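2 protein chains.
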Amino acid sequence: MTSIDQVLQKIDQNKEKLIARLAEAVEIPSVSGDAAYRKHVFEMADWLKAQLEKLGATAELKPLGKQNLDGQEIELPPVIFSDLKAKTDADKKKTILIYGHFDVQPALKSDGWNSEPFKLVHDEKTGRLYGRGSTDDKGPVIGWLNVIEAHQQVGLDLPVNLKFCFEGMEESSSVGLDDLIRKHKNDFFTGVDAICISDNYWLGTKKPCLTHGLRGITYFKLRISGPQADLHSGVFGGMVHEPMTDLFAVMSKLVTPQGEILVPGINELVAPLTSEEAQRFDNMEYALTDLHSATGKDVAINDDKAKTLMARMRYPSLSLHGVEGAFSAPGAKTVICASVIGKFSIRLVPDMKPEKVISLVQDYVQKEFAKLGSKNTVHIEGEGGAPWYADPNHWNYVAAAKATKKIYGVEPDLTREGGSIPVALTFSEELQKNLLLLPMGRGDDGAHSTNEKIDISNYIEGTKLLGTYLHEVAAAS
Amino acid sequence: MTSIDQVLQKIDQNKEKLIARLAEAVEIPSVSGDAAYRKHVFEMADWLKAQLEKLGATAELKPLGKQNLDGQEIELPPVIFSDLKAKTDADKKKTILIYGHFDVQPALKSDGWNSEPFKLVHDEKTGRLYGRGSTDDKGPVIGWLNVIEAHQQVGLDLPVNLKFCFEGMEESSSVGLDDLIRKHKNDFFTGVDAICISDNYWLGTKKPCLTHGLRGITYFKLRISGPQADLHSGVFGGMVHEPMTDLFAVMSKLVTPQGEILVPGINELVAPLTSEEAQRFDNMEYALTDLHSATGKDVAINDDKAKTLMARMRYPSLSLHGVEGAFSAPGAKTVICASVIGKFSIRLVPDMKPEKVISLVQDYVQKEFAKLGSKNTVHIEGEGGAPWYADPNHWNYVAAAKATKKIYGVEPDLTREGGSIPVALTFSEELQKNLLLLPMGRGDDGAHSTNEKIDISNYIEGTKLLGTYLHEVAAAS
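Protein sequence lines correspond, in order, to chains C and S.
Per UniProt numbering, the very first residue in the first sequence carries number 1; after that it's consecutive.
Per UniProt numbering, the very first residue in the second sequence carries number 1; after that it's consecutive.
Among the hints, a few may not be true.
Pairs count within a copy or across copies, as identical chains cannot be separated in the list.
To be verified - Straight-line distance between alpha carbons at most 27 Å, and here's what the computed DSS-like set of lysine-lysine pairs gives:
| hint | residue 1 | residue 2 |
| --- | --- | --- |
| 1 | 39 | 66 |
| 2 | 402 | 375 |
| 3 | 402 | 93 |
| 4 | 92 | 54 |
In short, the hints are calculated from the structure, not lab data.
Note that the structure is a prediction, hence the values are computed from the model and not measured.
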C-alpha cells in the first residue's frame, strides 16, 4: 500500500524537476507595483492556472476590476480560485484552504544583485537558489503543486480536499482581495475546515517554526497648526508659539528611549503573559547576535533573549516616523513652520482593539497639548488594523508540529511576528476557522531585498513538510 | 544763501522725475539668484554707474570672480565703489559711507502679483508704487541719487563727502562682499567717519525708526545614529533604541512652548536690560494687532507690547526647524530611521558670543542624551554669526533722529531687528565706525513677497530724510 513515505521519496527524486519548475516561475517578472510589469503578473496567473489544471484542479481567474497606478488606469491582476477534491471519500475528508501569492517585489540587477534577479541561479557551493520570488512567495506556492504531483506519481490519493486562493497583488496592498473574500465566503470558501499560508520565514536560519500571531497597527497623524504661513525665525522667533516646539513637546511624551509606551491605559490592554507562553519564548532558537547582525550594530534595548523576542512578538511598540511640513532637506533653513504633522504608529497585540488605542492616544495627546499653554491648535487622527492571533493548540497547529518533527526532527518554535499580514486577519475573521502560518524559507532569505534566495534544502524539505502536513491534518481531530 | 530747505523743496518739485527714475530701475529685472537673469544684474550695475558718473561721482565696477549657480559657472555681478567729494572744504568735511544693493528677489506675475513685477505701477488711489525692488532696495539707493541731484539743481554743495558701496548679490548671500571689504579697508574705505545703510523698514506703517541692532544666529545640526539601515517598525519596533525617539527626547528639552530657552547658561549671557532701553520699548509704535495680522492669527506668546518687542529685538530665541533623514512625505510609512538630523537655531543678542553658545548647547545636548540610556550615538555641530549692536547715542544716530524730527515731525523709534544683515557686522567690525540703519519704507512693504511696494510719501519724504541726515551729520560733533 502506498504511503506518504513514497511521496517524500518521490519529492527527493523530483529535485531537479522541482528546481526547473521554480526557475520557470521566477523567469516571469510578475512585479505588481509597476504598471510596466503588469502584463507579466497576468502571464504568471495564466501559468499558475495551467499548472493547477494539469494537476486536475479546477481553476478560475476572478477579475478584480481596475486601479490607478503610475498615472494610468490599469486592470488588476486576477485572483485564482482553485478546487481539488480528493478522489475517494471527498465528503468525509477535511478541506484545507491554501493562500499564496504569485506577484513579487520589484528588482533590478543594478539595485545590487549579484545575478539577474529574474533568472533562478543555482549556487552549487552554498546550495542556494537566487532569484526574485524564490522564497517570497513562488517557492512555497509551487511547493503545493509539487506535493500534488508527487501524490499522483506514486498513486496516492490526497488525504484532504484542497482549495487554493492565489493572488497577484500581495506586494501592493492586496487591493481588492478583502472584498473578494467577503463576497465569496458563502460559496467558494464554504466548507473550509482550516487555513494554511506559507508566506513567512523561520525566525533564524536553523530551526523551523509555526507562526500563530501577527501584530496589528494604528497609524497616527498629529497636526499642530499655528501661524497662517511659514515665518522667518529671525523676525518672529520669540514672539509666537511655534508648532514645531509644541509637536516635539507632545511627541516626546509618547514613548521612552527604552520603548516604554507612556500613553496611559495602553499597556493595560495587553493580554497577560501565561507561563506556557513564557516557556515558548525561553525555548525559541534565537540569539542577541542575530539581532545585532540584522541591525548592523548593537542597538538592542534588552540583553535578554526572551525579553527581546517578547518585545517584537507579544508587546506593543511605538515608533516615531517623521514630520510632514517641516524643513527636511540637507542644509540650513531658518523657518518657523506654520503647520506640521507628526507621524507615529503603535504596533498592536492581543487584546488591543484599534479603536480603543486610537481613543486613548487622542485623549492623551489632547491633554498633553493642553498642558503646553500654547495658542496653536492640535488635531490628531489614527487608523489601523487589529492584531491577529491563532490558538497554537488547535489541531491545525498540532498537525503542523507533528509534520515538522517528522521532516526536520525537531519540535518547531511557536513564533509570532512583529509585522502585519492583513489577509490572515481577514480569512480568520470572515471564515472563523483556524489559520496556520507554515513557513518554508529561512530568516535570512532576503525577501524584498537584493539577492533574494531560498536554500534548496528548504525548498525540497519544505515541499515535503507541506505534503506531510496535509496527512497529519487529515489524521488530526 | 541756499540751504537744505531749498533742496527739500526741489525734491518735492522733482517728484514725477524721481518716480520715473525708480521706474527705469525697476524695469531692469536684476534678480541675483537666477542664472538666467544674471545679465540684468550687470545691466543694473552699468545703469547705476552711469547715474553716479552723471552726478559727478567716480564709479568703479569691482569684479568678484565667478560662482556656480544652477549648475553653471557664471561671473558674479560687480560691486560699485563710488566716491563723491564735497566741492569745497572736502578735507574738513566728514565722509559718510553709504551701502545699498541693486539686485532683487525673484518675481513672476504668476506668483500672485496683481501687476507685472518688473514694471513700476503707480496706484493713484493708494499713492503706492508697486514693483519688485521698489522698496528693497532700489528706492532707497536711488534716494541717495535724488539727494545729490537736488543739491546740484539748487547749487548747494554737499555737506559731507560721500562714498558708496553698492552690491548686486545681497539677495544671494552677498557672495564675495566680505572679502572685498577686508581687502579695501585700507584704501577705498579709508577716512570713513560713519556708515549709513537704508535697507530695512519701519516697525509698522506710521512711525519712522532708526535701527541700531540685529540679532545674530547659531545654527545646529544634531545627529542621532542607530542601526546601519532603516528598519521595518513591525519587525524591529520594541527591540531597538530608535534614533527618532532619542531625537525627540533631546530636542524637546531645548525650549519651552513659551519660548524659554532651557540650555543652562544661555540666558545669563544676555546683556541686562537698562531702564533707558526699557523706556524705548514702551515708547515704540507697535500694537499686538500688528503681530496678529502679520501671522494671520493670534499665536503671540505675550499679550504685552514691550515684552513682545523685546522678545524679537533684545532676547535670544530658539526655533526647531526640522528633521533630515526621517519620513517627511504625505501618507504613512512605518520606518525606524537609521540616522536622523534635527535642525534648530538660536538667535543671538549682545553679549552672546557664537562660540560660547555653541559650546553650551553641545555640552547640554551631550548631557541630556547621556540621560536617555540609549545605545545610539549623538553628534552635534553648530555654526553662526554674532549679533550686531550700535550705540544709539552716537552722533550718527543723534543726527538721524534730528533729521527724522524735521521731516516727519516725530522722534523716531529706536528699534532693533530680529533677523541678521551680515554686512552690517562686517562694516562695523572692519572699519570700527558707527553704523546706522535708516529705513525708508514701511513694515508692510512686502519686500521678498508678492506685490512689493513703496508708498510715494515714503519715497519722497524718505529722499528728503536722507538729504537732511547728511546735513545733520555734517553739523554733529
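Here is what the structure says about each hint:
no. : hint         : result
1   : 39 with 66   : within (14 Å within a copy, 53 Å between copies)
2   : 402 with 375 : neither (63 Å within a copy, 41 Å between copies)
3   : 402 with 93  : within (19 Å within a copy, 105 Å between copies)
4   : 92 with 54   : within (25 Å within a copy, 109 Å between copies)
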